Amino acid sequence: MTTFDLNFAEDYFTLFGLPREQALDLASLEKCFRAVQAKVHPDKHAHAGDSDRRLAMQWATRVNEAFQTLKSPGKRARYLLHLLGHDPQIESNTAMPVEFLMKQMELREAVMEARSAADEEALEAVRSNLLNEIKVEYQRLAELIDVTRDFTAAANLVRQLMFQEKLLTEIDDALEAVTA
Amino acid sequence: MALLQIAEPGESAAPHEHRLAVGIDLGTTNSLVATVRSGMSVVLNDASGRPLLPSVVAYAADGSVEVGYSAEARQSIDPRNTIVSVKRFMGRGRHDIAHIETLPYDFVDAEGMVKLKTIAGIRSPVEISAEILKTIRHRAEASLGGELTGAVITVPAYFDDAQRQATKDAARLAGLNVLRLLNEPTAAAIAYGLDNSVEGVYAVFDLGGGTFDISILRLSKGVFEVMATGGDSALGGDDFDHRVFCWIIEQAKLMPLSPHDARLLQMRAREAKEQLSQHGEAPITVKLGSSEYVDLVLTTEVFTEITRTLVQKALAPCKKALRDAGLTVADVSGVVMVGGSTRMPQIQHAVAELFKQEPLNNLDPDKVVALGAATQANLLAGNRATGDDWLLLDVNPLSLGLETMGGLVEKVIPRNSTIPVARAQDFTTFKDGQTAMAIHVVQGERELVTDCRSLARFELRGIPPMVAGAARIRVTFQVDADGLLSVTAREQTTGHQARIEVKPSYGLSDDEIAGMLKESFSHASDDAFRRALREAQVESQRLIEATQSALLESADLLSTLERAHIDATVTKLQTVMIGDDRRAIDAAMQALSAATNEFAARRMNQSVQRALAGRNVDQLSL
Numbered sequence: 025m026t027t028f029d030l031n032f033a034e035d036y037f038t039l040f041g042l043p044r045e046q047a048l049d050l051a052s053l054e055k056c057f058r059a060v061q062a063k064v065h066p067d068k069h070a071h072a073g074d075s076d077r078r079l080a081m082q083w084a085t086r087v088n089e090a091f092q093t094l095k096s097p098g099k100r101a102r103y104l105l106h107l108l109g110h111d112p113q114i115e116s117n118t119a120m121p122v123e124f125l126m127k128q129m130e131l132r133e134a135v136m137e138a139r140s141a142a143d144e145e146a147l148e149a150v151r152s153n154l155l156n157e158i159k160v161e162y163q164r165l166a167e168l169i170d171v172t173r174d175f176t177a178a179a180n181l182v183r184q185l186m187f188q189e190k191l192l193t194e195i196d197d198a199l200e201a202v203t204a
Numbered sequence: 051m052a053l054l055q056i057a058e059p060g061e062s063a064a065p066h067e068h069r070l071a072v073g074i075d076l077g078t079t080n081s082l083v084a085t086v087r088s089g090m091s092v093v094l095n096d097a098s099g100r101p102l103l104p105s106v107v108a109y110a111a112d113g114s115v116e117v118g119y120s121a122e123a124r125q126s127i128d129p130r131n132t133i134v135s136v137k138r139f140m141g142r143g144r145h146d147i148a149h150i151e152t153l154p155y156d157f158v159d160a161e162g163m164v165k166l167k168t169i170a171g172i173r174s175p176v177e178i179s180a181e182i183l184k185t186i187r188h189r190a191e192a193s194l195g196g197e198l199t200g201a202v203i204t205v206p207a208y209f210d211d212a213q214r215q216a217t218k219d220a221a222r223l224a225g226l227n228v229l230r231l232l233n234e235p236t237a238a239a240i241a242y243g244l245d246n247s248v249e250g251v252y253a254v255f256d257l258g259g260g261t262f263d264i265s266i267l268r269l270s271k272g273v274f275e276v277m278a279t280g281g282d283s284a285l286g287g288d289d290f291d292h293r294v295f296c297w298i299i300e301q302a303k304l305m306p307l308s309p310h311d312a313r314l315l316q317m318r319a320r321e322a323k324e325q326l327s328q329h330g331e332a333p334i335t336v337k338l339g340s341s342e343y344v345d346l347v348l349t350t351e352v353f354t355e356i357t358r359t360l361v362q363k364a365l366a367p368c369k370k371a372l373r374d375a376g377l378t379v380a381d382v383s384g385v386v387m388v389g390g391s392t393r394m395p396q397i398q399h400a401v402a403e404l405f406k407q408e409p410l411n412n413l414d415p416d417k418v419v420a421l422g423a424a425t426q427a428n429l430l431a432g433n434r435a436t437g438d439d440w441l442l443l444d445v446n447p448l449s450l451g452l453e454t455m456g457g458l459v460e461k462v463i464p465r466n467s468t469i470p471v472a473r474a475q476d477f478t479t480f481k482d483g484q485t486a487m488a489i490h491v492v493q494g495e496r497e498l499v500t501d502c503r504s505l506a507r508f509e510l511r512g513i514p515p516m517v518a519g520a521a522r523i524r525v526t527f528q529v530d531a532d533g534l535l536s537v538t539a540r541e542q543t544t545g546h547q548a549r550i551e552v553k554p555s556y557g558l559s560d561d562e563i564a565g566m567l568k569e570s571f572s573h574a575s576d577d578a579f580r581r582a583l584r585e586a587q588v589e590s591q592r593l594i595e596a597t598q599s600a601l602l603e604s605a606d607l608l609s610t611l612e613r614a615h616i617d618a619t620v621t622k623l624q625t626v627m628i629g630d631d632r633r634a635i636d637a638a639m640q641a642l643s644a645a646t647n648e649f650a651a652r653r654m655n656q657s658v659q660r661a662l663a664g665r666n667v668d669q670l671s672l
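Protein chains in written order, with our numbering: chain A, 25 to 204; chain B, 51 to 672.
Source of the hints: derived by calculation from the structure; they are not laboratory data.
Treat the hints with caution; some may be incorrect.
[Stated by the list, open to error] Computed from the model, here is a short list of chain A residues facing chain B with C-beta under 10 Å:
no., residue
1, Gly41
2, Arg44
3, Gln61
4, Arg78
5, Phe187
6, Leu199
These numbers come from a predicted model, not from an experiment.
Positions of the beta carbon are idealized from the N, C-alpha and C atoms, including for glycine.
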């Protein structure tokens with residue numbers, strides 16, 4: 025296989041010409057994503073030679089991946105901490121504050137109960153509370169990374185947020201099961 | 051803003067030449083073809099001025115094939131050899147097909163995709179669909195007065211990989227160059243969005259004859275972005291007909307039906323359903339071959355009652371798609387209705403109630419998909435005018451994954467990922483000296499492999515023998531812009547590229563396709579040869595033009611030596627392509643393609659840098 029001289033070594037922030045920060049301006053990100061995708065998308069090369077088309081697909085794939093990573097605050101934080109040399113070690117480090125774990129267990133039970141009772145309203149209520157909580161915590165996370173630069177605390181918060189995001193997926197699954 | 055004025059590689063090749071490109075809506079009940087003429091998207095009618103082509107194929111004993119209205123007329127005379135709604139069988143196994151016992155066809159028991167035994171021989175759904183596409187191609191070429199450069203063919207957004215692949219294979223059999231498989235609701239959104247220059251979040255509710263799609267899109271200037279899609283690839287107007295059909299049998303207390311009578315009743319059921327869209331009741335009177343007599347009246351109330359669960363079945367995917375998009379009904383600016391089945395008042399009411407707004411019906415639900423596809427085909431063929439350009443970002447409808455221990459599914463690419471998308475997953479050996487590994491690719495949302503669709507089984511061989519757990523095999527899934535999946539595998543520690551054997555579970559192998567092509571050309575083998583040669587020549591010309599315009603634009607990216615090499619390869623291809631040695635042409639094309647790989651990469655990098663360089667984010671035009 026030929027190795028292409030793609031600028032694949034560039035990190036996602038550099039790819040879109042954006043500053044390396046957690047409090048990323050989403051509107052700017054979207055504009056840059058579209059500007060780059062408008063250049064590389066396979067549809068823009070549908071009538072070009074094979075090499076161009078293959079490259080276009082690889083580039084468009086990469087640009088989509090970069091956009092998805094930077095768009096989601098959780099993925100963005102993990103990626104940014106990794107770039108900064110403070111990998112949150114999601115797989116190996118599972119230490120969590122006890123009161124956080126207790127609260128998560130309670131919420132999880134509430135979701136399971138609502139699911140078996142097919143209580144759509146209760147599920148929606150838990151979901152919207154959780155969403156609000158997550159939103160506040162992401163604001164705190166941006167401060168920890170961009171302002172106070174306390175990467176250890178940031179990595180801990182990222183791990184907690186992963187827990188909460190997981191719970192959110194479970195609520196969505198429950199809603200799906202209840203409304204199906 | 052100057053962004054779009056930087057010449058695109060596709061645009062710069064001979065911009066004066068208008069290429070003939072069409073959009074094809076290959077529907078369950080009807081098919082259509084449209085093109086862009088003087089900047090307007092128009093449906094191409096047949097010689098009698100009819101826009102629709104019934105998706106019906108009739109086979110006769112002498113091997114002749116009829117497609118469209120003439121075939122439709124034969125369905126009650128010869129139901130076994132007159133295939134309707136073949137789209138429902140595309141990429142499907144026997145057990146996937148609903149109400150198979152009530153269908154008049156002679157299905158062949160086989161692994162993988164169903165096949166039908168007809169009077170003209172055994173036919174796969176791919177071949178039957180290819181007959182429809184051939185008729186469409188002839189209509190378009192007669193109407194446009196030349197050979198088609200390419201076609202955009204629409205598929206339900208909720209079609210899985212096997213169904214998409216089957217559609218692409220059918221196009222290949224029909225001699226069409228597929229520029230793109232486009233999702234039907236996305237095509238409709240293009241037609242609607244360009245027509246009304248709207249912005250915001252729109253839902254496209256597309257209920258056709260056999261399939262249901264819901265897509266949530268964000269429309270903004272120059273970008274159509276699909277945020278989520280959902281649906282049911284086995285829910286459509288046919289199912290409403292079937293409910294009426296069953297109701298008739300029950301009410302009239304009929305004996306088991308002959309294929310002929312069943313077909314007749316199905317037609318009456320559909321007519322009654324259509325009549326109810328305009329009137330409060332529909333009389334059903336039929337004299338059957340069994341000399342039984344049916345005399346019933348179907349009222350709106352009864353119809354609503356017997357189809358209630360079908361309507362509900364369409365609403366659940368709407369809620370799911372909204373959730374996947376991270377939106378609520380309040381975010382939706384409009385609901386665009388597509389597909390003939392959305393004419394049913396029951397559907398209109400249910401959609402209005404769910405989305406808390408009256409749905410938009412100002413487009414012809416039968417034509418909008420073909421019109422949108424034609425616009426996209428025109429763009430992809432390189433006929434676009436400066437400034438008249440847009441970007442389409444679609445998603446994959448279903449999650450893709452691998453079978454792991456215990457028959458569980460490990461998701462590799464989640465549903466609603468923007469395509470093209472690629473993901474890699476690492477695996478290791480679990481025995482010392484293990485040199486092979488079986489990998490099972492599945493598609494679907496469920497946790498158990500048995501509840502998902504099997505797409506392919508791969509066997510990786512030639513893994514260097516190592517102790518258990520030492521080998522690192524990286525399996526990469528790549529979904530292209532057509533939504534089609536390809537899988538590659540590589541042993542990481544040694545860099546050994548493992549050999550892959552693909553056994554498509556429901557698709558056709560390349561050998562089968564080649565066999566069908568050969569068979570369809572057996573009457574005209576010279577034609578086939580000439581056509582293939584002509585295609586190679588056209589392709590060569592295209593490649594040369596693309597290369598030359600790239601050289602004109604970005605000569606500074608090459609050293610003198612590199613430039614000389616590319617020039618020599620171009621000259622070689624120019625010499626060979628005049629002759630009739632297709633293999634030599636193919637080889638010269640490959641050589642040119644290889645010689646420009648690095649050049650193409652540099653151009654792409656440059657164009658990305660230019661997209662952002664020296665520009666304030668606020669000035670970006672998209």
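We went through each hint and held it up to the structure:
1. Taking 10 Å as the C-beta contact cut-off toward chain B, the hint placing A:Gly41 at the interface holds, the least distance being around 4 Å.
2. The criterion of a C-beta within 10 Å of any C-beta in chain B is not met by A:Arg44, whose closest approach is roughly 15 Å, and the hint is violated.
3. Here the hint on A:Gln61 is kept, as its CB sits about 6 Å from the closest CB of chain B, short of 10 Å.
4. About 8 Å separates the beta-carbon of A:Arg78 from the nearest beta-carbon of chain B, less than 10 Å, and the hint is met.
5. Against a cut-off of 10 Å between C-beta atoms, the interface hint on A:Phe187 is violated, since the closest Cβ of chain B lies about 19 Å away.
6. The interface hint given for A:Leu199 holds, since its Cβ lies 7 Å from the closest Cβ of chain B, which is under the 10 Å cut-off.
In this structure, the hints that do not hold are numbers 2, 5, in rising order.
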